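S.K.: When you get a sec, could you build the whole thing from the sequences and use the hints?
Spelled out from the first residue to the last, the chains are:
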Amino acid sequence: MRQIIEEQILPRVIKPIRYQGNEFNAVHKNWEETPVRMVFAFPDLYEVGMSHLGLQILYGLVNDEPELLMERTFAPWTDMEELLRKKKVPLFSLESYRPVKDFDFLGFTLQYEMSFTNILNMLDLGGIPLKAKDRDDSYPIIIGGGPCAYNPEPLADFFDLIVLGDGEEVILELLKLAKKYKREGRIVKKEFLEEALKLRGIYIPSFYEAEYEEDGVYKGIKPLNSKAPVEIIKNLVENLDKAYFPTKPIVPYADTIHDRVMLEVLRGCTRSCRFCQAGVLYRPVRERAPETLVKQAKELVKATGHDEISLTSLSTADYTCVQPLITLLMNEFQDKNVGVSLPSLRVDAFSVDLAKEIQKVRKTGLTFAPEAGTQRLRNVINKGVTEDNLMEAVSGAFKAGWTTIKLYFMIGLPTETMEDVAGIADLAYKVVRTGKQILKESMIKKPVKVTVSVSSFVPKAHTAFQWVPQDTIEVLEEKQQYLRSLIRDKHITYNYHDARLSFLEAVFAKGDRRLGKVLEKAWSLGCKFDSWTEHFKYDLWLDAFAACGLDPKYYAYRTIEWREKLPWEHLKTGVSKEYLYHEYEKALAEELTHDCRLERCTTCGVCGDLKVKQILQKRRG
Amino acid sequence: MGIYRLEFSKGPEVRYLSHLEMMRTFQRALRRAELPLAFSEGFNPHPKMSFASALAVGVTSENEYMDLELKENLEPEEIMERLNQSLPSGLKVKRCIMLSQKGKALMAMVGEAHYHIKVKLLHALSQTHIQEAITSLLKKKSIIIEKKGKKGPEKKEIRPGIIKLECVGVDEEWVKFTLAVQAGSEKNIRPEEVMKALQIYEKLPIDLELAIIHRKGLFKKGQEQLMPGPHPAFKE
Ligand code: SF4
Numbered sequence: 001m002r003q004i005i006e007e008q009i010l011p012r013v014i015k016p017i018r019y020q021g022n023e024f025n026a027v028h029k030n031w032e033e034t035p036v037r038m039v040f041a042f043p044d045l046y047e048v049g050m051s052h053l054g055l056q057i058l059y060g061l062v063n064d065e066p067e068l069l070m071e072r073t074f075a076p077w078t079d080m081e082e083l084l085r086k087k088k089v090p091l092f093s094l095e096s097y098r099p100v101k102d103f104d105f106l107g108f109t110l111q112y113e114m115s116f117t118n119i120l121n122m123l124d125l126g127g128i129p130l131k132a133k134d135r136d137d138s139y140p141i142i143i144g145g146g147p148c149a150y151n152p153e154p155l156a157d158f159f160d161l162i163v164l165g166d167g168e169e170v171i172l173e174l175l176k177l178a179k180k181y182k183r184e185g186r187i188v189k190k191e192f193l194e195e196a197l198k199l200r201g202i203y204i205p206s207f208y209e210a211e212y213e214e215d216g217v218y219k220g221i222k223p224l225n226s227k228a229p230v231e232i233i234k235n236l237v238e239n240l241d242k243a244y245f246p247t248k249p250i251v252p253y254a255d256t257i258h259d260r261v262m263l264e265v266l267r268g269c270t271r272s273c274r275f276c277q278a279g280v281l282y283r284p285v286r287e288r289a290p291e292t293l294v295k296q297a298k299e300l301v302k303a304t305g306h307d308e309i310s311l312t313s314l315s316t317a318d319y320t321c322v323q324p325l326i327t328l329l330m331n332e333f334q335d336k337n338v339g340v341s342l343p344s345l346r347v348d349a350f351s352v353d354l355a356k357e358i359q360k361v362r363k364t365g366l367t368f369a370p371e372a373g374t375q376r377l378r379n380v381i382n383k384g385v386t387e388d389n390l391m392e393a394v395s396g397a398f399k400a401g402w403t404t405i406k407l408y409f410m411i412g413l414p415t416e417t418m419e420d421v422a423g424i425a426d427l428a429y430k431v432v433r434t435g436k437q438i439l440k441e442s443m444i445k446k447p448v449k450v451t452v453s454v455s456s457f458v459p460k461a462h463t464a465f466q467w468v469p470q471d472t473i474e475v476l477e478e479k480q481q482y483l484r485s486l487i488r489d490k491h492i493t494y495n496y497h498d499a500r501l502s503f504l505e506a507v508f509a510k511g512d513r514r515l516g517k518v519l520e521k522a523w524s525l526g527c528k529f530d531s532w533t534e535h536f537k538y539d540l541w542l543d544a545f546a547a548c549g550l551d552p553k554y555y556a557y558r559t560i561e562w563r564e565k566l567p568w569e570h571l572k573t574g575v576s577k578e579y580l581y582h583e584y585e586k587a588l589a590e591e592l593t594h595d596c597r598l599e600r601c602t603t604c605g606v607c608g609d610l611k612v613k614q615i616l617q618k619r620r621g
Numbered sequence: 622m623g624i625y626r627l628e629f630s631k632g633p634e635v636r637y638l639s640h641l642e643m644m645r646t647f648q649r650a651l652r653r654a655e656l657p658l659a660f661s662e663g664f665n666p667h668p669k670m671s672f673a674s675a676l677a678v679g680v681t682s683e684n685e686y687m688d689l690e691l692k693e694n695l696e697p698e699e700i701m702e703r704l705n706q707s708l709p710s711g712l713k714v715k716r717c718i719m720l721s722q723k724g725k726a727l728m729a730m731v732g733e734a735h736y737h738i739k740v741k742l743l744h745a746l747s748q749t750h751i752q753e754a755i756t757s758l759l760k761k762k763s764i765i766i767e768k769k770g771k772k773g774p775e776k777k778e779i780r781p782g783i784i785k786l787e788c789v790g791v792d793e794e795w796v797k798f799t800l801a802v803q804a805g806s807e808k809n810i811r812p813e814e815v816m817k818a819l820q821i822y823e824k825l826p827i828d829l830e831l832a833i834i835h836r837k838g839l840f841k842k843g844q845e846q847l848m849p850g851p852h853p854a855f856k857e
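If you read the protein sequences in the order shown, they are chains B and A. Mapping of the first sequence onto the numbering used here: position 425 corresponds to residue 425, and the numbering continues sequentially without gaps. Positions in the second sequence are counted from 1; adding 621 to them yields the numbering used here.
These are calculated hints, taken from the structure and not from any lab test. Wrong hints could be hidden among the right ones.
Unchecked claim - For lysine-lysine, the following DSSO-like pairs were computed, each having C-alpha atoms within a straight-line distance of at most 27 Å: (1) B:Lys133 - B:Lys190; (2) A:Lys837 - B:Lys336; (3) B:Lys15 - A:Lys837; (4) B:Lys298 - A:Lys713; (5) B:Lys302 - A:Lys713.
Because the structure is a prediction, the values reported are computed rather than measured.
M.R.: What follows is the structure, encoded as structure tokens:
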């Protein structure tokens, strides 16, 4: 198979480097001598998947164990797919060029809903029946994890097992357990799955049946297996300082999205933006000690040769020791020309000061995310920034010599009016005016450039807005056009997302098991790489819904009542439904909720129910 | 401060690296090797290194050259050893010497390149047949091929740049050539262009998509060595 791939397929595709898989630090283990084998599958292109920190963590973790091995596979681009099908070569792993079907586990990371069709396509390319019930013990066990695992119901038909929460600990337990259930080279699936239930955060969709009212409203889920728990609680690494971290990440040859060292400074965010799913899924906040991080950074730079360290997390500027950490890193790396970067910035003057310091080494763009155009709406979503905050930060940036500023907004947020939409344009103009003024005063000749990126709000499961209907495509498009008409300035670039894609995202984000057949239909009609504009085929999606007799509007446009059961309710993030609903009510009342890391606990439920604690570092320096 | 010239090979494991990816791979390996790199000035400092020639995606090579500047003087053997430990499999430094001073840019010195080429035949042919096609092609005063330019297709004269072309073997599926062409900034002939000429002018039934191209050597004009000194293989 290797020969066919190397001689007849790779020379004919665009960017064959995507499929070569012998990057620096890639691990090639002895197949025969390793009893349990897993292939990690990222349902998107190599360049996207290789930028994912979770992959690097699990890859290092599993391959450090003598009894286990992990290889990788990605969604082949369409030219590659065509050749694979033509030459009858199944989807293979990059390390050993083996069919993914030969592995014991095929593990997909579920990062975004619009990658679901790629999962089906990859199973099909691997010669693996799509539905769990059609797979006997000769096929790998298909597992999934990641943020979309918190509502995997649309995928319930296809997956054997879903892992909730931080994967670092449970993945090893799971793979080691599998060794005991391996007979004659294959895992005895049924026995293994039942035993796996004893581990934390394991959800076996086939052990449950979803029930619906006569009118189609979801009624709840019923365990079919006496061992299946009614609730599944997420996994959580209690102390990030002690958690595994990969010291030898793979260094891709190709230009990936994040071509740098990813230093995870903390996990979790408790700013409580009401639209944000990650903020709920990754609670509570757990910070790493700066000493640990500096040590890790040194090891990572040495092992990879990268010239940039990105301090990653949901909200790096919130890290208690961010200032001392940056100073430590700069001192360590400045004369080696290794830069430090912050992935995205929260709006305040403090973060501009940080950025200023970082820019001593390298100049990158500055991004702010006010999310909404008026104070009223920012209160609704609990984005605790004021216009003064923004203007102060932006002024700081212009004074420090930046001329390009990016602003992120959302339209379609609950309670939004056209006045709020117009607020986005007002804010953008204000930033431009401030910029012009400051640049003029400091005699800088370069023009001010402001990019306004506007996405459409997608209500997500497990958030305060999970009960809220999404704006219709028509309304979203009207708002997009209205904004377009307001933003007419050569200093401002305005871009927005396809509202139809956001609509489908909402459908699947809050979907139930019935959507499995729509997914299969859409895939069979040719949908894949849906999040890639050139491949998104909205009409085919509508055809798929029609063929299955389901209305996508039902999922995206309906107000869900408090008394209704939610299709993802049995999957526990630790944050209580009551807390979320209370947050929803506060949103409508335009009331703010403070950050529990700064003031008292707001009783979201995580710490008590999961018996964990926030871990914050002591302020120093 | 020390300036060094390195000779390295690019194997099949890294065949599909573009020139840019190759540069980045070296930059990272240099950092991993913790060599005292000299950096360029400016907003985006990068290690001072320069390659003799850009190798196309898909092409392997026996002898490529690179100049490297370090902040300190190190033994060439040490540089070679440390770098080889940090390079991915497929890239290997074979020789390293210290240059007495910064001379002419390496890129500007390149004049000639030699290749081994293996191309898939669409149907079986005899070696004589292929040899005849070569002779006929080389008799031509002018060979114009079309290549992709910045503004659409461009015409390119390649005949004067072909120094030598021979068929060195053929079996049912594959035919093997050796080729010497002019290379470098003055005029650069790519092996695919010569193969294309055989296909167009002599109607040779070959599948260009499945060509395996290996650069055997890179020289100054008149086959003069780019790297002074004896090859280690001839040391004893
Ligand atoms: S339980 Fe309290 S302290 Fe813990 S994350 Fe929730 S609000 Fe914060």
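S.K.: With reference to the structure, classify each hint as holding or not holding.
M.R.: Verification of the supplied hints:
1. B:Lys133 - B:Lys190: This hinted pair holds, its Cα atoms lying about 11 Å apart.
2. A:Lys837 - B:Lys336: Violated, at roughly 36 Å.
3. B:Lys15 - A:Lys837: Answer holds: Lys15 of chain B to Lys837 of chain A is near 24 Å, not above 27 Å.
4. B:Lys298 - A:Lys713: Holds - the C-alpha atoms of Lys713 of chain A and Lys298 of chain B are around 26 Å apart, at most 27 Å.
5. B:Lys302 - A:Lys713: Within the cut-off at roughly 19 Å; holds.
In summary, the structure is inconsistent with hint 2 from the numbered list given earlier, while agreeing with all the others.
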